[in-house]
Every structure is written in C-alpha cells, then in structure tokens.
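Novice: Just need the whole structure built from these sequences, with the hints factored in.
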Amino acid sequence: MKPTVVKIDNLVKRYGELVALDHFSLEIKEGEIFGLLGPNGSGKTTTINCLLSLLSYDKGEIEVFGREMTPTSYDIKREIGVIMQNVAVLDELSVWENIDYFCGLYIADKEKRKACVEEAIKFVGLEDFVNFRPKKLSGGLLRRLNIACGIAHKPKLIILDEPTVAVDPQSRNRILEGIQELNREGATVIYTSHYMEEVEQICTRIAIMDKGRKIAEGTKDELKGMIRNTESVSIEILELPDDIREKIAHLPHVYETDYDGAKLTVRCSGGRHNLIRILAVLQEAELGFGRVYSELPTLNDVFLEITGTALRDSME
Amino acid sequence: MQVFKAFLRVLRSKFGSAIIYIVLFFLVGVLMTKSASDSNVWEKSKMKLVIEDLDDTPESRALTEYISAGNTIIPVFADEDDLTDAMYYTTVDYAVTIPKGFADRLAAGETEGIFECRHIHASYAAANMQMQLEKYVNTVAAYRAMGKTTQEASKAAVAALSKEAEVSVLKKDAEEQKGENDDLLTFFRYMPYIFLSVIMNTLCPALIAMNKKDFRYRTDCSGIHPHSYMLQIFGASAVYVGGIWAVFSLVGSIINGTMYTGRLWLAVVNALLFALFSAVLAIFVSEFAPSDTVVGILTQVSSLSMCFLCGVFIDQSLLGSGVLAAAQFLPAYWYVRVINMLNGELAFDAGEVALALGIQAGFVTVFILLAILVRRARVTSTVVRKSMA
Chain A
1 MKPTVVKIDN LVKRYGELVA LDHFSLEIKE GEIFGLLGPN GSGKTTTINC LLSLLSYDKG
61 EIEVFGREMT PTSYDIKREI GVIMQNVAVL DELSVWENID YFCGLYIADK EKRKACVEEA
121 IKFVGLEDFV NFRPKKLSGG LLRRLNIACG IAHKPKLIIL DEPTVAVDPQ SRNRILEGIQ
181 ELNREGATVI YTSHYMEEVE QICTRIAIMD KGRKIAEGTK DELKGMIRNT ESVSIEILEL
241 PDDIREKIAH LPHVYETDYD GAKLTVRCSG GRHNLIRILA VLQEAELGFG RVYSELPTLN
301 DVFLEITGTA LRDSME
Chain B
1 MQVFKAFLRV LRSKFGSAII YIVLFFLVGV LMTKSASDSN VWEKSKMKLV IEDLDDTPES
61 RALTEYISAG NTIIPVFADE DDLTDAMYYT TVDYAVTIPK GFADRLAAGE TEGIFECRHI
121 HASYAAANMQ MQLEKYVNTV AAYRAMGKTT QEASKAAVAA LSKEAEVSVL KKDAEEQKGE
181 NDDLLTFFRY MPYIFLSVIM NTLCPALIAM NKKDFRYRTD CSGIHPHSYM LQIFGASAVY
241 VGGIWAVFSL VGSIINGTMY TGRLWLAVVN ALLFALFSAV LAIFVSEFAP SDTVVGILTQ
301 VSSLSMCFLC GVFIDQSLLG SGVLAAAQFL PAYWYVRVIN MLNGELAFDA GEVALALGIQ
361 AGFVTVFILL AILVRRARVT STVVRKSMA
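Chains A and B are the protein sequences, given in the same order.
So for the first sequence, the working numbering puts the first residue at 1; every next one is plus one.
So for the second sequence, the working numbering puts the first residue at 1; every next one is plus one.
Among the hints, erroneous ones may be present.
As the list claims (entries may be wrong) - Below, simulated DSS-like cross-link-like pairs (lysine-lysine); rule was C-alpha separation at most 27 Å, straight line:
{"id": "1", "chain 1": "A", "residue 1": "K154", "chain 2": "B", "residue 2": "K212"}
{"id": "2", "chain 1": "A", "residue 1": "K110", "chain 2": "B", "residue 2": "K5"}
{"id": "3", "chain 1": "A", "residue 1": "K263", "chain 2": "A", "residue 2": "K29"}
{"id": "4", "chain 1": "A", "residue 1": "K154", "chain 2": "B", "residue 2": "K5"}
No wet-lab data here; the hints were simulated from the structure.
Specialist: Structure below.
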C-alpha cells in the first residue's frame with residue numbers, strides 16, 4: 001500500500017454567503033497523477049489554495065506527507081512545486097535567472113541549485129534559450145519556462161493548475177508528456193483542469209467537482225462505470241417516422257433516443273452490437289441515412305448524468 | 001538572499017532610465033547652484049549716454065573715459081529733434097555736452113554749470129548722471145586743492161572714482177559657515193526633487209515587477225517566510241537608495257569643491273532621510289501595482305507639488321503662511337528647514353534640527369507601516385480572488 005501524500009478531510013470554505021468548498025474530502029497516494037476536474041467556480045483553485053495554506057478555511061483538516069499543513073509549514077512547502085495557469089516569471093530576468101530565482105527559494109546550495117537548473121532547462125528543452133528574456137520567447141516556450149520554474153527544485157508533489165489554458169495543441173501535448181515523465185521519475189501530481197480530454201489522457205485517478213462538492217471519484221473506467229451510458233450512437237438522418245424511432249427505442253439495451261430533425265442519438269446501456277441492431281431497423285424501413293458515429297462515454301457524460309448539466313455548459 | 005539578488009537584477013535592468021535622470025539632474029543641479037551663487041552679487045545697471053566733447057582736451061577726454069565706463073555710448077545726433085525723439089523712446093537716457101573751455105573752467109575751480117545736459121525730467125538716469133558729473137568735478141577740485149595740476153587732478157579723479165565696492169546680498173542671522181558652503185547647500189536644497197524623481201521612477205517599476213500577482217503568488221507558495229521576503233526587498237531597496245544618496249552626496253562635494261565638515265554632515269544625514277522617505281513612498285505606491293503611466297504621473301505630482309509647497313524651488317520666506325502651514329505635513333518642508341538653518345537663512349538651533357530630522361524619520365516609519373498593511377491586505381485579497389475565479 002502506497003503512502004498517502006495529500007489528505008483533505010471534510011474541508012469547508014466560505015466566502016460570506018457563498019460556500020466554495022462544502023465538506024470536501026480527498027486522499028491522494030504517492031505516485032498518482034490525480035485529476036481535479038470541474039467547471040470554473042467549482043472549487044478546484046480554492047482547494048489548491050487551502051492545500052498550500054495560502055487561504056484559511058472554516059472547517060476540516062489537511063495533511064501533506066502525513067503532516068498537518070499550516071501557513072508556517074515551510075518544510076512541507078519546500079517539497080511542493082506549483083505551476084499555474086498564467087506564466088509567472090520576471091520579464092527583466094533571463095530564462096536561466098528566472099529558473100535560478102525560483103529554484104533558489106527552495107535550494108540554498110549554489111552548486112546543487114546550478115545542477116537542478118541545468119536539469120530543468122534540459123527537461124523542458126530550453127537549452128538554446130537560456131540567455132533569452134521571456135518577452136523574446138514564443139507562447140509555447142514561455143509555458144515550458146513556467147513549468148521549469150515550478151519543477152527545478154525536484155518537488156515530491158507537483159500541483160498544476162490548468163497549465164494548458166490558451167496553449168497550442170503541439171505545446172499542450174509536450175506539456176502533458178512532460179507531466180507523465182515527471183510522474184515516472186517519482187513525483188506525485190495534482191492536475192486541475194476543465195479539459196476533460198486532458199484529464200482522461202494523463203490522470204490515474206480523477207475527482208469531479210461541482211459547486212464545492214466532490215460528486216465522483218475514481219479511475220476513468222470506474223467513473224464511466226458509475227453511469228448507465230456505455231455507448232452513444234449518432235446517425236445523420238433527415239426523415240425519421242415516429243414508429244421507427246419507437247422501434248429503435250425498444251431495442252435491447254437502448255434507454256434513451258433523441259432526434260432533432262437531422263440527427264438521431266441513441267444511448268445504450270451495456271450490451272454488444274447495438275450499432276448493428278439500430279442500422280438493421282433503419283435498413284428494414286428502407287430509410288436513407290448519412291454519417292454514423294459510435295462513441296464511448298466521456299467524463300462529460302459522467303458529469304452530465306450526475307449533475308444533469310453538461311460540463312461544457314457549466315463553464316459558460 | 002535570492003529575493004535580494006533578483007530584485008537588484010531587476011533594478012539593474014531599470015537603471016538605464018535612472019542614468020538619464022541622474023545626468024540631467026547633475027547638469028540642472030550645477031546650473032541652479034551656480035546661478036544661485038551669482039544672484040547674490042549686484043551689478044551696476046548700464047545707462048545709454050550721448051557724450052559730445054567740444055573741448056577735446058586731456059581733461060575732457062579723462063571725463064569722457066570716466067563716464068563712458070560701464071555705460072553704453074550712443075553716437076552724437078546731428079539733429080536736435082532726433083535726440084529728443086531718442087529720449088522719448090528711451091533709446092537715450094542722458095546727453096551731455098562738454099563745452100569748449102571746459103579745461104580752463106575746471107582749472108579756474110568752477111564747479112557749477114560747466115556742462116550742458118539734456119535728459120528726461122526727474123529720471124533715475126538724470127539723478128545718477130548728475131551725481132557722477134558733480135562727483136568728478138568736486139574730486140578734481142579736491143585734487144587741485146592738494147596742489148596737483150588740472151591734468152593730474154583729472155587723471156587722479158578718474159582713477160579714484162573708478163574704484164567700486166563689490167556689493168553682495170547679506171543674509172540675516174549669518175553664521176560662521178555662511179558663504180563658504182552656500183553652493184553645496186544650494187545643491188542639497190534641490191535633492192528632494194532629484195531623489196523623488198529618480199527613486200520613484202526606477203524603484204516603482206522594479207517593485208511592481210516583483211509584486212505582479214502571479215509572480216508573488218508563486219513566491220508565496222515556496223518555502224520563503226513572508227517577513228524574510230519583505231526584509232530582502234527592503235534591504236535591496238536600501239542598498240539601491242543608499243547608492244544613489246552616496247553618489248549624489250559625493251558628486252555634490254566634488255563639483256562644489258567642498259569637504260564635509262562640522263554641521264555640513266547634518267545636510268548629508270538630512271539627505272539620507274529624504275532618500276529613505278522617497279524609497280518607502282515608492283514601495284508604498286508600488287503596492288497598488290499602478291501602470292508605468294500612473295507611476296510617471298504620481299512621480300511628477302508628488303515631486304513637483306512637494307517641492308513647490310515646501311520651499312525647494314521657492315524660498316520658504318517667500319511662501320504664504322497658509323502654504324507653510326500645509327507644507328508642515330510634508331517631509332520636504334522639514335528637509336528645507338534644516339538646509340535653511342545650515343545656510344544661515346534661519347538661526348541654527350540644534351533642537352529644531354533634531355526635530356526636523358526626527359519628523360522625517362517619522363514619515364519613513366509611517367510609510368513603511370502603511371506599505372506592510374497594504375501588502376497584507378493585497379496578499380489576502382489576491383488569494384481570495386484567485387480562488388473564486
């Protein structure tokens with residue numbers, strides 16, 4: 001059994017009348033990439049701020065590395081690396097100086113620090129830009145610098161708060177690969193995002209948050225197993241008589257149909273060959289149809305089924 | 001010391017603009033100092049004279065030489081009406097004709113009605129010229145009475161009357177150091193403007209860079225104690241401001257050729273306190289993270305208003321009592337009072353100097369405390385805002 005790195009127990013945080021965290025509990029084991037998924041305002045960043053003791057809370061307990069986390073737990077803070085959504089570096093310093101500054105807040109020894117900075121630069125692939133000022137770097141390179149500043153001191157726990165917002169797909173993939181590599185090297189990672197695809201891609205365990213509460217937790221398969229939907233079949237069809245739709249609705253494992261005049265969506269719960277059975281009904285009725293998709297459930301479907309609102313709608 | 005070093009690096013990147021300010025202020029400071037010292041000496045005003053010498057003797061030429069010195073000589077007009085017009089339009093102040101037989105009349109001991117003069121009635125030029133001519137005639141008469149010939153007496157009179165006493169402005173309550181250190185103290189008088197402008201224009205942008213929301217947030221997440229962070233920022237600011245103060249004090253001494261001795265050290269301490277005040281004001285302002293434009297406006301408003309109200313640009317003795325009463329709530333007022341006591345404009349009072357220095361130290365303390373209070377409020381609100389986003 002791996003040791004617990006972060007334990008949040010029954011955390012309550014209020015901003016006046018607003019309950020930002022409502023009896024929120026969490027346990028993260030060593031070596032995990034733990035995803036905190038939820039729409040904006042769901043309490044992800046409040047959780048992180050409470051975890052880092054940058055924010056006081058009304059009730060609950062937080063333990064990091066088995067010790068109580070308080071504002072004066074500087075020894076614990078030294079084991080944590082934080083990478084934020086916005087690039088937080090000094091424009092007046094070079095790439096090297098910026099990484100050295102943040103690394104120096106954790107490591108006093110000059111030689112050790114130098115080695116760490118060199119390693120971080122190599123890790124993010126900024127070897128050719130060490131003397132560049134941040135303003136001379138492209139958006140993707142800036143993100144890499146941002147990550148290097150957060151990981152140079154080799155933290156045991158890395159917290160990434162939406163690090164890929166407004167990042168091009170190429171840089172995003174590189175960042176995600178980097179996170180997985182850090183994890184392979186032994187770091188425990190907490191990854192907050194509202195991009196469910198990213199969370200699905202890299203996280204070993206996920207907690208879904210909404211309105212300050214944890215609404216589900218588990219691996220992505222466990223989460224998907226919590227809902228009825230196992231397959232969504234979408235068919236482009238311009239004409240669908242009611243009796244045919246009714247026939248499809250009564251097929252085995254089909255629990256919901258939805259037709260908007262151009263596209264039929266059929267949601268199935270379990271079973272195999274659902275798509276073949278649906279297409280057979282349409283062919284039998286001699287109805288023409290266009291493109292056909294079959295999708296496995298996503299975390300958005302999990303969120304939708306649990307909260308009644310799509311994750312994407314909640315973010316608007 | 002990581003924050004200390006990083007902050008000095010950031011300051012180094014802002015120093016380019018500081019050099020422009022420093023060079024500019026040194027030039028202005030030197031010019032102001034020199035012009036201030038020159039303004040203490042009176043200069044004789046020039047009159048525009050027309051001299052017509054009909055006698056053309058050594059005696060008349062000596063007189064012409066005497067009254068020409070220090071005045072502007074206008075050529076003789078051919079027409080009397082032209083002379084009248086010139087006097088009307090004040091292109092000529094006084095016209096004197098040395099008549100034929102002037103030397104003989106002088107030898108005869110005549111002193112009245114020797115010259116033919118035309119001038120504007122009851123003018124300053126008329127009275128002044130009349131007095132000079134009478135002085136000349138009387139002096140020649142006096143030398144003649146001593147047994148000299150008319151020619152010798154004329155030369156001796158010109159020599160005697162050409163000697164002029166240098167007139168300087170005397171200051172009330174003059175102290176023993178008065179005069180010797182006036183140039184240096186004038187240089188010191190303008191330092192509040194220099195310090196406020198240079199320090200605020202360089203320290204504020206550097207502090208704002210260090211106080212950027214996300215940058216501070218990340219720093220706060222690290223293991224550094226907030227007090228240690230603040231101490232390192234204050235320390236680096238103090239090193240920078242101390243450097244500026246030392247450079248200005250040293251250069252002030254060099255360009256004015258004066259060594260710091262005795263009470264002059266009070267001017268140095270006075271300047272240090274004001275430099276520190278400028279620094280804490282910059283720290284306080286930067287806590288609100290204004291834009292560069294706002295920093296520029298705040299710098300101009302604070303430096304110009306403080307310097308005009310408190311007697312940096314205009315002597316305190318020329319300011320109204322209402323203005324002075326309001327200025328007492330600003331540190332520059334107490335700074336200038338110390339300078340005024342050192343240069344003799346005010347009677348030196350050790351107790352009052354200590355009070356003025358103490359009040360400036362008080363301003364420094366108050367603004368440090370305000371900066372800390374604002375910082376605490378901002379850190380809390382920043383975390384709350386980030387959490388609620």
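Novice: Where does the structure disagree with the numbered hints, that is, which hint numbers, in rising order?
Specialist: 3
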